[in-house]
Amino acid sequence: MKIDRFSLNPDCFLVKGAKRGALYDLATGDIHSIDEDSVEILDKCEKGFSINQVAQGVPRISTKEIIDYFKNLESLNLGKFIDSRQTINKISLSPPEPKIDFIWLELTQNCNLKCLHCYANSGSKTNQIGKDELLTLEQWERVLQEAFNEGCRKVQFIGGEPMLFGKDIYVLIKLARDLGYELVEVFTNATLLTEEDIGLLVRYNVQIATSIYSKRAEIHDKITTQKGSFRKTIENVKKLQAKGIRVRFATIAMKQNEKYLKETIDFLQTMGEINPLKCLDVVRSMGRGKNDYLISKNLSSWIQRKSPIFPKLTKENFIKRKYGHGCWWDKITVIPNGQVIPCVMARKEICGDIKKQSLRQIVRGVNLQKLRGLSKDNIEICQDCEYRYACLDCRPLAREETGNLYARGNNCSYDPYLGVWQNSKERR
Amino acid sequence: MLEVKKVTYKDEEIEEKVKEAIDDPSKGESIEMSCRPITTCCPDTGWR
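Chains as they are written, first to last, in numbering that gives the first Met the number 0: chain A, 0 to 427; chain B, 0 to 47.
Among these hints, one or two may not hold up.
As the list claims (entries may be wrong) - Listed below are the simulated EDC-like cross-link pairs for lysine to aspartate or glutamate, each with C-alpha atoms no more than 16 Å apart in a straight line:
1. A:Lys330 with B:Asp43
2. B:Lys4 with A:Asp3
3. B:Lys4 with A:Glu35
4. A:Lys261 with B:Glu14
5. A:Lys63 with B:Glu2
6. A:Lys261 with B:Glu15
7. B:Lys18 with A:Glu257
8. A:Lys296 with B:Asp23
9. B:Lys4 with A:Asp34
10. A:Lys261 with B:Glu19
11. A:Lys296 with B:Glu28
12. A:Lys261 with B:Glu2
13. B:Lys26 with A:Glu257
14. A:Lys15 with B:Glu2
15. B:Lys5 with A:Asp29
16. A:Lys305 with B:Glu19
17. A:Lys311 with B:Glu11
18. B:Lys5 with A:Glu149
19. A:Lys305 with B:Glu28
20. A:Lys355 with A:Asp67
21. A:Lys258 with B:Asp23
22. A:Lys70 with B:Glu2
23. A:Lys261 with B:Asp23
24. A:Lys311 with B:Glu14
25. A:Lys311 with B:Glu12
26. A:Lys261 with B:Glu28
27. A:Lys79 with A:Asp67
28. A:Lys258 with B:Glu19
29. B:Lys4 with A:Asp29
30. A:Lys214 with A:Glu257
31. B:Lys4 with A:Asp36
32. A:Lys221 with A:Asp265
33. B:Lys9 with A:Asp36
34. A:Lys124 with A:Glu96
35. A:Lys18 with B:Glu11
36. A:Lys258 with B:Asp22
37. B:Lys5 with A:Asp34
38. B:Lys18 with A:Asp265
39. A:Lys311 with B:Asp10
None of these hints come from the bench; they were simulated from the model.
All chains should be built: construct the whole structure from the sequences, respecting the hints.
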């Protein structure tokens, strides 16, 4: 037996960019950046070339250097030396079946607050959808049932302010529980909750999500444009927590609260078990969030990706992002008139109508499948980037920024054609 | 020189970097680390 080849492990994948490449190790979730010579060498290895053939193909690099490199990769457990008769079968990466993992039910676009940055343009006088166009309670019930039949076990009721849907929200919550949904969450500003509401939320074991923009009432109220909203939200959150209800917090950074962001996050950490990495977002340029007065120079800099820093990647997420869109792949939203969109932010991507089709037809329909299949392989510039399966982006935001659903968003400074991060001029 | 450089970090390490960026915005560090694009409306965001 002659050891004359090198192969990446069955669960280690070479992803080529226009200039550089990356090794995705799905066993550990780690991603490794590699230079263009390494890409060429490993590409030949993956095609079954022997070490000698590889070395002949890249005469500018010595055989010793190539072998030392392979030893380094072996020490990192990314590949191994093998003999010419051995076959390394890569693990299967078949695309998963269409499904719904999570559904947003946007019960109303009315809201008692009118936050400066609302992506949905919600407020008390929005009148975006006529009364006769709204889904009936029976139609909402059908949506819940059909989503459950499609395998969905997580539902969030959202708005506008979902409590303005009226007491019928509890008909839907009870149905979700009776059907067997495992997660039932209401995203509410919590200002309208009565003792009766709190009792019902406890009875049905509902999880609450709410947004708090500052620990300072005057800042929070300035953003919600409703004096006293901070006091009401905090009071009701405390009542919910006292009854054992789990409350999840979110905060959105904008010019009006950016100076106080650190104290806001510290404050939220005293209110509950939050992760500052995951509860924070920066205002997105959609709906009323488009207003220039919400974004400062600091915030623009904060959201600019300037270096390759990625969380570990599971095999499941690699597959999702290889075959489709990281967020949209298994989520769906129904808005008050029955239109179906892939997520709450994607207001323009209408892919079906509950009044005319079953949810099953919509989930399997061309419109949603096309959006769900929007992997980075379809996105301009990103398709030439080696990090395209590591990276998530917000497609609705990119569309708002560029007018093109297939364009790269404005927040990435990597040039995959040069292999350089434009801000740092660092090659990685 | 043939390169291989890890670009993935544990959640705690990324959390630390985000905190640093928030603590001192003047440093111009990014909080955009491939996690932010998920909206806070998603039920799997926010929890520790």
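How the hints compare with the structure:
With a C-alpha separation of about 12 Å, the suggested pairing of Lys330 of chain A with Asp43 of chain B holds against the 16 Å cut-off. This hinted pair does not check out: Lys4 of chain B and Asp3 of chain A have alpha carbons roughly 25 Å apart, beyond 16 Å. This hinted pair checks out: Lys4 of chain B and Glu35 of chain A have alpha carbons roughly 13 Å apart, not beyond 16 Å. Distance restraint check for Lys261 of chain A and Glu14 of chain B: the Cα-Cα separation of roughly 13 Å lies within the 16 Å cut-off, and the hinted pair is therefore satisfied.
About 15 Å separates the Cα atoms of Lys63 of chain A and Glu2 of chain B, which keeps this hinted pair within 16 Å; it holds. A distance of roughly 13 Å separates the Cα atoms of Lys261 of chain A and Glu15 of chain B; the hinted pair therefore holds under the 16 Å criterion. Using a Cα cut-off of 16 Å, the hinted pair Lys18 of chain B and Glu257 of chain A holds, with the two alpha carbons roughly 14 Å apart. Of the supplied pair hints, the one linking Lys296 of chain A and Asp23 of chain B holds, its CA atoms being roughly 14 Å apart against a limit of 16 Å.
With a C-alpha separation of about 9 Å, the suggested pairing of Lys4 of chain B with Asp34 of chain A holds against the 16 Å cut-off. The straight-line distance between the Cα atoms of Lys261 of chain A and Glu19 of chain B is roughly 10 Å, inside the 16 Å bound, and the hint therefore holds. For the suggested pair Lys296 of chain A and Glu28 of chain B, the alpha carbons sit about 12 Å apart, so the restraint of at most 16 Å is met. A distance of roughly 38 Å separates the Cα atoms of Lys261 of chain A and Glu2 of chain B; the hinted pair therefore is violated under the 16 Å criterion.
For a cut-off of 16 Å, the pair hint linking Lys26 of chain B to Glu257 of chain A stands: about 15 Å separates their Cα positions. The hinted pair formed by Lys15 of chain A and Glu2 of chain B meets the criterion: a straight-line CA distance of about 14 Å does not exceed 16 Å. Of the pairs offered as hints, the one joining Lys5 of chain B and Asp29 of chain A holds, with about 7 Å between alpha carbons and a cut-off of 16 Å not exceeded. Distance restraint check for Lys305 of chain A and Glu19 of chain B: the Cα-Cα separation of roughly 15 Å lies within the 16 Å cut-off, and the hinted pair is therefore satisfied.
The hinted pair formed by Lys311 of chain A and Glu11 of chain B meets the criterion: a straight-line CA distance of about 11 Å does not exceed 16 Å. A distance of roughly 39 Å separates the Cα atoms of Lys5 of chain B and Glu149 of chain A; the hinted pair therefore is violated under the 16 Å criterion. Simply put, Lys305 of chain A and Glu28 of chain B have alpha-carbon atoms about 8 Å apart, close enough for the 16 Å limit, and the pair holds. Between Lys355 of chain A and Asp67 of chain A the CA atoms are separated by roughly 63 Å; this puts the pair beyond 16 Å, and the hint is violated.
A distance of roughly 10 Å separates the Cα atoms of Lys258 of chain A and Asp23 of chain B; the hinted pair therefore holds under the 16 Å criterion. A threshold of 16 Å between alpha carbons decides the hint, and for Lys70 of chain A with Glu2 of chain B the separation of about 13 Å falls inside it, so the pair holds. Restraint check: the Cα-Cα separation between Lys261 of chain A and Asp23 of chain B comes to about 9 Å, which is no more than 16 Å; the hinted pair holds. Between Lys311 of chain A and Glu14 of chain B the alpha-carbon distance is near 13 Å, which keeps this suggested pair within the 16 Å criterion.
For the suggested pair Lys311 of chain A and Glu12 of chain B, the alpha carbons sit about 11 Å apart, so the restraint of at most 16 Å is met. Note on Lys261 of chain A and Glu28 of chain B: the hinted pairing holds, with a Cα-Cα distance of about 15 Å set against a maximum of 16 Å. At roughly 12 Å between alpha-carbon atoms, Lys79 of chain A and Asp67 of chain A fall within 16 Å of each other, so this suggested pair holds. A threshold of 16 Å between alpha carbons decides the hint, and for Lys258 of chain A with Glu19 of chain B the separation of about 14 Å falls inside it, so the pair holds.
Straight-line distance between C-alpha atoms of Lys4 of chain B and Asp29 of chain A comes to about 10 Å, which keeps the hinted pair within the 16 Å bound. A distance of roughly 12 Å separates the Cα atoms of Lys214 of chain A and Glu257 of chain A; the hinted pair therefore holds under the 16 Å criterion. Restraint check: the Cα-Cα separation between Lys4 of chain B and Asp36 of chain A comes to about 14 Å, which is no more than 16 Å; the hinted pair holds. Straight-line distance between C-alpha atoms of Lys221 of chain A and Asp265 of chain A comes to about 20 Å, which puts the hinted pair past the 16 Å bound.
Distance restraint check for Lys9 of chain B and Asp36 of chain A: the Cα-Cα separation of roughly 28 Å exceeds the 16 Å cut-off, and the hinted pair is therefore not satisfied. Restraint check: the Cα-Cα separation between Lys124 of chain A and Glu96 of chain A comes to about 41 Å, which exceeds 16 Å; the hinted pair is violated. Pair hint Lys18 of chain A plus Glu11 of chain B does not hold up; C-alpha atoms about 31 Å apart against a cutoff of 16 Å. A hinted pair counts as satisfied when its Cα atoms are at most 16 Å apart, and Lys258 of chain A with Asp22 of chain B qualifies at roughly 10 Å.
Of the pairs offered as hints, the one joining Lys5 of chain B and Asp34 of chain A holds, with about 12 Å between alpha carbons and a cut-off of 16 Å not exceeded. With a CA separation close to 11 Å, the supplied pair Lys18 of chain B and Asp265 of chain A stays within the 16 Å bound. Distance check on the hinted pair: Lys311 of chain A and Asp10 of chain B sit about 8 Å apart at the alpha-carbon level, within 16 Å; holds.
Violated hints, listed in ascending order, are 2, 12, 18, 20, 32, 33, 34, 35; each of the other numbered hints is respected by the structure.
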